[in-house]
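> Sequential numbering of the sequence shown, starting at 68, is according to the numbering used here.
Note that these hints are calculated values from the structure, not bench results. A virtual CB, placed ideally from N, CA and C, is assigned to each residue, including glycine. Take these hints with a grain of salt, some might be off.
To be verified - Label pairs and their in silico Cβ distance ranges: (1) Arg365 <-> Thr230: 23 to 31 Å; (2) Phe243 <-> Ser316: 17 to 25 Å; (3) Phe243 <-> Ser331: 23 to 31 Å; (4) Ala93 <-> Phe294: 53 to 61 Å; (5) Gln207 <-> Ala120: 42 to 50 Å; (6) Arg144 <-> Ala120: 19 to 27 Å; (7) Ala346 <-> Gly196: 17 to 25 Å; (8) Val306 <-> Ala132: 35 to 43 Å; (9) Arg365 <-> Glu169: 33 to 41 Å; (10) Pro141 <-> Ala346: 40 to 48 Å.
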Amino acid sequence: MDVGCSGVVVLMILAVAIAGAAKESAVNLLEAAALHKSGWWGDSSTTATNISAHCHWYGIICNDAGSVTEILLPNYRIHDELANFSFPSFPNLIRLDLSGNELYGAIPHQIGALSKLTYLNLSFNYLYGELPSSLVNLTQLAQLDVSWNSIDSLNPPGIGNLTNLVTLDLSYNSLFGPIPSTLGQLSNLDSLDLSNNHFSETIPSTLFNLTNLSQLDIHWNPAMRGFLSEEIGNLKSLVELDLSHGAFSGSIPPSLGQLSNLHSLDLSTNHFSGTIPSALFNLTNLFRLDIHSNPAMRGFLFEEFS
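Let the sequences and hints guide you as you build the complete structure.
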């Protein structure tokens, strides 16, 4: 290659590098401006000098290029409408924790712009309305916690597409209607908490496909009813199962005896009937069993319980 060609190649490489650096710089400035505009950092964000040093603000973590990757502000006393925050300004955000604040309003559609997000915690706030359909864009999400809010509606097709989810906590909300069958598509799920809502009908059969599930909590859904399917025996990774304070009826399925990893089983305050199936005596790892307040339960306790 002659000198002229070499010079052209070098110039092209420099041009690409400069363009990349300019793009990074533009992203960083956009992020800094969005953080400043939020007003969440008070006096820390009031000067131009501090705007350029946003990576050093409380709860902000940046990568080597100076782009924000984590915003961690649990219990930070933020009183604001969540929709006022500019989510699209943070294309490299991986973790977002705004739990335990005073955020209110609906979860905005723009949150779906955080395509690299793996952790999202909005628990213990005053959020209401629907989980937005834009969550379907958060395909890297492994942990989602929106517990202790007033969310009243899911977007079933959307939530079923979050197949990398390991932990899903929707507890202590105002969700009603049947549990979405699309939750059964979350094959990597380890923990599912739907407790303290207003779900009704019975457990969808698709949930029994979640063979990696170690914790399933559906307690305090008083309108949950029907028979407990034998298919629950498919959930062989279960360590904790809580179906208390519902309206389940019929016999306790013997297939529960196949859940050899079970440590805690709570079926209390339902309408189960009949006797305790002898298959439960196979649960040698069980240290907590609660079946109180099932008035139609009858029969003798067997010596095998010892």
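> All the hints need checking, so say for each whether the structure fits it.
Consistency of the hints with the structure:
1. Between arginine 365 and threonine 230 the beta carbons are some 44 Å apart, a value that contradicts the proposed interval 23 to 31 Å.
2. The supplied range of 17 to 25 Å is met by phenylalanine 243 and serine 316, whose beta-carbon atoms lie about 20 Å from each other.
3. A hinted range of 23 to 31 Å for the beta carbons of phenylalanine 243 and serine 331 is consistent with their spacing of about 27 Å.
4. Between alanine 93 and phenylalanine 294 the Cβ separation comes to about 59 Å, which falls inside the hinted range of 53 to 61 Å.
5. At about 28 Å, the beta-carbon gap between glutamine 207 and alanine 120 misses the expected band of 42 to 50 Å.
6. Restraint check, arginine 144 to alanine 120: a C-beta distance of roughly 22 Å satisfies the suggested window 19 to 27 Å.
7. For the pair alanine 346 and glycine 196, the beta carbons lie near 44 Å from each other, so the given range of 17 to 25 Å is not met.
8. Between valine 306 and alanine 132 the C-beta distance comes to about 41 Å, which sits within the given range of 35 to 43 Å.
9. Under the hint 33 to 41 Å, the C-beta atoms of arginine 365 and glutamate 169, about 50 Å apart, miss the expected range.
10. For proline 141 and alanine 346, the Cβ-Cβ distance of about 43 Å falls inside the hinted range of 40 to 48 Å, so the restraint holds.
Hints 1, 5, 7, 9, counting from the list given before, are not met by this structure.
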